Amino acid sequence: GQQKKNGIQNKDHMKENLKGLRQSQISMREKKYEEERPAKDLYKLSQFQNVSSRLHEPTAKQNRRPSLENKEFLTKGGSENRREQLAIESRMRRLEMEDKMEEAKHFSSVQPTSPRKQEIPRENAQLAGPCNKDFVTRNKVASFVPSANQNQKRVSQSEKKNMTKHGDFGRVPEYLEERKAKWADAEQERRRNMPDPSCPPGMTLMPESERRSTLDTLNQSKKEALAQLRALPFVVETPSMRKKQEFLEGKLREIDNALTIFS
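To convert a position in the sequence shown, counted from 1, into my numbering, add 25.
Treat the hints with caution; some may be incorrect.
Below, in silico cross-link-like pairs of lysine to any residue (SDA-like), each with a Cα-Cα straight-line distance of 25 Å or less [unchecked claim]:
(1) K269 with Q245
(2) K248 with V261
(3) K276 with S288
(4) K269 with P258
(5) K36 with Y58
(6) K207 with S223
(7) K276 with V261
(8) K36 with Q48
No wet-lab data here; the hints were simulated from the structure.
The model shown is predicted, which means the values in this text are computed figures rather than measured ones.
Based on the provided sequences and hints, a complete structural model is requested.
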């Protein structure tokens, strides 16, 4: 009663123990299920389904377990016996090497007998008589006189050349002529669009027709500005009239400068 007044709630230890037992039981059941469940096969290509893995293949070293029977223990005086055994083995190898060297020297000093040709029996040993044929002259005559096969080859080659020729043989195709004409037009257009070397940088050469039309426009604007300036009174007193007069005089100066440039 006093704990409830103080706001302290009694703890049910039996309930907590039962809850912990149930959780451990569920985790053990899941762990057992995971262990009993067969492992999922790894993905393999169809041509390697029946091939066993070499990575996880147990080797002889892995299967071998250390045992006291296979171990060799050092005994007293074993190092001296080992040195004597090594000295005997080195002596035997040296003697064997010396025997091989002696055998090689013996074979190098003995000259091998080269096979010789069998002797010709004396009853058959007769030399042929002298030949009076002039092979040089005969070969020279044969080189000057063409044979029938050579003439036939020459005729067949000339016939093949004539057969390969057609009506338009040696004439440039039309598509090449058209391509050359296109290239010439493109080159002329490129030269036409090239900047004038005598023209200052940042400026372009104006065509003659455009220059003349600009001059006509400037002359017409000058006439209109002069007419407006002459229409003003001789004595200008009001500020608006003075402003108009200054504007017309400035416009006439700009027109004169432009006429100097375009003329």
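Status of the hints after comparison with the structure:
1. Distance check on the hinted pair: K269 and Q245 sit about 19 Å apart at the alpha-carbon level, within 25 Å; holds.
2. The hinted pair formed by K248 and V261 meets the criterion: a straight-line CA distance of about 21 Å does not exceed 25 Å.
3. Of the pairs offered as hints, the one joining K276 and S288 holds, with about 18 Å between alpha carbons and a cut-off of 25 Å not exceeded.
4. For the suggested pair K269 and P258, the alpha carbons sit about 12 Å apart, so the restraint of at most 25 Å is met.
5. Between K36 and Y58, the direct Cα distance comes to roughly 34 Å. Violation of the 25 Å bound is thereby established for this hinted pair.
6. Distance restraint check for K207 and S223: the Cα-Cα separation of roughly 29 Å exceeds the 25 Å cut-off, and the hinted pair is therefore not satisfied.
7. A distance of roughly 18 Å separates the Cα atoms of K276 and V261; the hinted pair therefore holds under the 25 Å criterion.
8. Distance restraint check for K36 and Q48: the Cα-Cα separation of roughly 19 Å lies within the 25 Å cut-off, and the hinted pair is therefore satisfied.
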